[in-house]
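Following the hints, complete the assembly by docking chains B and C onto the known chain A.
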Amino acid sequence: MIPLAWYLIFSAALFCIGLFGALARKNAVAILMGVELMLNAVNVNLIAFWHYYAQARSAPYVHGLAFTTMVFVVAAGEVAVGLALVISAYRRRQTAVMDELTLLKG
Amino acid sequence: MSVELTIVLIPLLPLLAFFTIVLLAHRNHALSHWLALIGAGLAWLLSMLVFGRAIQTEELSRHPFAAAIEWLPTGSTALQIGVHIDPLSAVTLFFVAWTVLMIFIYSIGYHNYGQPKGEHDRPGLPPHGAEIQDAQGHAHRVPSIEPMYARFFALISLFAFAMYLLVVTDNLLTLYMGWEIMGLCSYLLIGFWYGKESARNAMIKAFLTTRVGDVFMLLGLAALYSLTGTLNYQAILNNPAVLNGLAGAASPLAGISWAGLIGILLIIGTIGKSAQFPLHIWLPDAMEGPTPVSAMIHAATMVSAGVYLVIRFFPLLSVGWDGHSLTLPMLVMGTIGAFTALFAATIAVAQNDIKRVLAYSTISQLGYMIAALGVGAYVAAAFHLVTHAFFKALLFLGSGSVIHGMEHGVLSTGEKIDPQNMLYMGGLRKKMPLTFWTFLAGGLALSGFPLITAGFWSKDEILSGAYASGQMLIFWTLAVAALLTAFYTMRQITLTFLGQPRSLSAEHAHESRPVMTIPLVILALFAVTAGWVGIPEYFPLVGGALPNWFEEFVGSMLLTHSEKSHHSLLPLTVSLVVALGGLLLGWLTYRRALKPEDPLEKPLGGVYSLLRNKYYVDEFYQLVFIRPARWLAETVTDRWLDRAIIDGALHSIAGFGVWLGKSLRRWIDLPVINGAGDLTAVGTRNLGAFLRSLQSGRVQVYATVGLGLAAVVAILIYFLWVIG
Amino acid sequence: MNGLQLVFLLAALVSLFSAVMVVSARRMMHAALWLVLTLMGVAVIFVTLQSSFFAVVQVLVYVGAIAILIIFSVMLTRRVMEDQGDQVLPGWRAAALVAVLLFAVIVGFLALWQGFSAMLVELPSDADNLLELGKALVSPQGYVLPFELASVLLVAALIGAITIAVDLKEDQRG
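Residue numbers (our numbering), protein chains in the order written: chain A, 3 to 108; chain B, 4 to 727; chain C, 34 to 207.
Excised from the complex, chain A in its bound form (with noise of 0.2 angstroms):
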């Protein structure tokens, strides 16, 4: 008997931590953590509202439920990827400090 609200706050809350983690940390790692934090927060908020709909419908409901295997499938994926480019990247240039990574500056 707890209230969606809790739900939908505190993900929004943990989204927000992480967002301001992926902003804001100078290290790639730290960053990948943010994004790890808001992948997180959207599995905490699919699963409310599937079960919020589950309840709203007697029958088993299973559309929100695939949609999180899905976000942890390419969660998992990100994370392989995000770490590999992070430690060739640390390889080649011997930082893992974004604020030095500034390839894109004009």
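The set of hints was computed from the structure by calculation and includes no laboratory data.
There's no promise every hint is true.
[What the hints assert, rightly or not] Now the in silico label distances, taken between C-beta atoms and shown as ranges:
hint: 1; chain 1: C; residue 1: 38; chain 2: B; residue 2: 237; range: 52 to 60 angstroms
hint: 2; chain 1: B; residue 1: 211; chain 2: C; residue 2: 188; range: 33 to 41 angstroms
hint: 3; chain 1: C; residue 1: 172; chain 2: A; residue 2: 59; range: 16 to 24 angstroms
hint: 4; chain 1: C; residue 1: 149; chain 2: B; residue 2: 328; range: 52 to 60 angstroms
hint: 5; chain 1: C; residue 1: 101; chain 2: B; residue 2: 702; range: 25 to 33 angstroms
[As the list claims (entries may be wrong)] Partial pick of chain B residues on the chain C-facing surface, computed with a CB cut under 8 angstroms:
hint: 6; residue: 683
hint: 7; residue: 703
hint: 8; residue: 704
hint: 9; residue: 714
Values in this document were obtained by computation on a predicted structure and should not be read as measured data.
Here a beta-carbon is modelled for each residue, glycine too, at the ideal position from N, C-alpha and C.
Below, chains B and C without anything else, positioned relative to chain A:
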């Protein structure tokens, strides 16, 4: 194996071949062409199985082979992806499978498989030939193998995938995907020899020109989807309620129903893909690609896709047509098709490049089909689509064989001539007999030589359809175009094969290898016999000897059959007269050509150069679209907007600041408010530094700015619209 | 306030607090450990939502695999990064502002929705949904295409990761 599974496998096999070649086999020439051949061969085999099943099935158009799965869930509904074979796609599948396989085989010979590597050959340029030593130690120049052999087979496999996908699919979205993949392949293959500047220009031109049509087509698809909620053929075209609903609903354009508007948008897509006036300009330039590409993409399959689309959507285009007054989309098709047919045929008369003549003849014949649809001759259009694919592929491959023979002559004599220019050919009949006889079969089919060739039967049906519809202007335009077609075809045959050689190279030309000539022979068989399945019953003498199977099979696609009323002999007489007359005229005019110049050039004078330069359409577009676009970019945007207005504004602000600082300094009180001028300067610098920090190159800063703006906009929306 | 709500509030507070620590900890290793705690907290949240399956998956995949991977890469890149000045960019205040604004926007818009204040009641059984999910993932009428694509994506990501992480070594050798 169920027939649906067979259909699914047809496009996937060439796709598999493409990936295997690209990922694994691109270093090995033999392996890559075998992979491509196996992919195309199996697809051909399965296509024939499906076609066999299709013609044995009763009432196929009511109960087509179809299977679908859900693909993209969109809210409560889902977009489906699936396969669908009805009579129209069955016959399309038949000719696509045959021509694709023949062209694959031919390509092995065309790209000189088994020849040595040329010492100066580089990827991106056509092979220059190689020096070899024979047993006696004499040096010969022989053709050399294409440096990017595997790439070619990979790309045509991808192309074959897209074409099969387009044919077997059951909805417009996948059709559009196949359509665009073919556009991409066409772009890559036209620019296959990307080292040549002309090829690069041609590829860009083809891509951009067809894109114009594709954008309109996409608009049509979007409109159709938002109105009907589906893109499935069956759900739209076999459903009178949907069709009549579309015809009854008024579109935003005044006076046009939604059916008319969607129809016109789809027709514009076809105009781009099938190179109709005014978007025809890319097709002749597309001849920069290797000849098998010209045959496959720009004659037999890809350009047919545009016509296939309008044939497929004929029920939508013709909704409300009662057999007398044409609907708006039909009127558009009839006008553009007939005009293009005549327009391109006149240009073809004055071209000297053997492939360019064929390119314009393709445009003209596609115009024929579109015009046929415009007058409601549905079966005739589909029939001509089939026969044209066979004889045009044959003609292109034949011309490739001729060019190949001429190149051999050029290599061994060292002459500096263009091996594609027909004026330097002549007399090749004796040097290349097999090529000559097959080319003759294709040429006669193109010009509609009576009774024995396929082209006659399909063209005759179109003419009688146009006559029966009562559109006399379209009928006579098509008749004149048919006359010109026969004329330039005979001109081509006479200049190339008959008479005496007009250059040393032509004397040294020789027949191509069997791997190139066997496909020619097979296609020649079809170019003659493919017409016999559609001989109309009312035809004098031979009518009724063979059942008119094609009419029965494909004609069952339409919900309502139009009544057969045309028994007039006038169209038949006209089609006989124009075919034979054109051939005779062409032979009489060109049989005596001894020097490499066109005997019509002097008598026709200005008209000839007008035709030679394709009515200056390219120059017109250059003047009207490309120059203004460039002017807009270079002068308006860059010089005026960027440098004059924006820079000027900045400069004047800066100037104003300087002026202000100076005035303050000089006029107000220099010693007292000394800091004021400095403050302005510092302020400007700080502003600059702040703006510069936005361009830090840090992705995170960009993301922060972007998200911040999004948040601000969301807050504004919240307070202005939601609360307020 | 019943027991379930208490559990939720505890888990939420722990996760949010440790999430804040993840993004503010000076040492990367600490941040990674705080991340583990956050993920465990989210797993508890999943339990309160009656999807114990995803709680298990969360622990296995996130805590067991992803967090460990992150800890490894922290250790691999540690030499340069250890305790060098600020761990946040100079513009972190702007980022914080954007995060807060976005939070306000999300909650503000969600609060407009009528279902926002709904109560989540207990579902009949978790097992049924799981069974249906399993069937849907391999059914042609369900999610088999996304499912297969996801597997292809995963393989591609792993191969890509190996390629990216390995090629420099070869360059150095050659």
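Going through the hints against the structure:
1. In this structure the hint that residue 38 of chain C and residue 237 of chain B lie 52 to 60 angstroms apart at CB holds, the actual value being about 54 angstroms.
2. Judged by the Cβ atoms, the range 33 to 41 angstroms given for residue 211 of chain B and residue 188 of chain C holds: they are separated by roughly 37 angstroms.
3. Separation of residue 172 of chain C from residue 59 of chain A is about 19 angstroms and conforms to the stated range, judged on CB atoms against 16 to 24 angstroms.
4. Look at residue 149 of chain C against residue 328 of chain B: about 59 angstroms separates their beta carbons, and that is inside 52 to 60 angstroms.
5. Between residue 101 of chain C and residue 702 of chain B the CB atoms are about 27 angstroms apart, so this pair conforms to the stated range of 25 to 33 angstroms.
6. For residue 683 of chain B, the suggested interface contact is broken, since its CB lies about 27 angstroms from the closest CB of chain C, more than 8 angstroms.
7. For residue 703 of chain B, the interface hint holds, since its Cβ comes within 8 angstroms of a Cβ in chain C; the closest pair sits about 6 angstroms apart.
8. Checking residue 704 of chain B against chain C: minimum C-beta separation of about 6 angstroms stays under 8 angstroms; hint holds.
9. Because the smallest distance between the Cβ of residue 714 of chain B and any Cβ of chain C comes to about 4 angstroms, under 8 angstroms, the interface hint for this residue holds.
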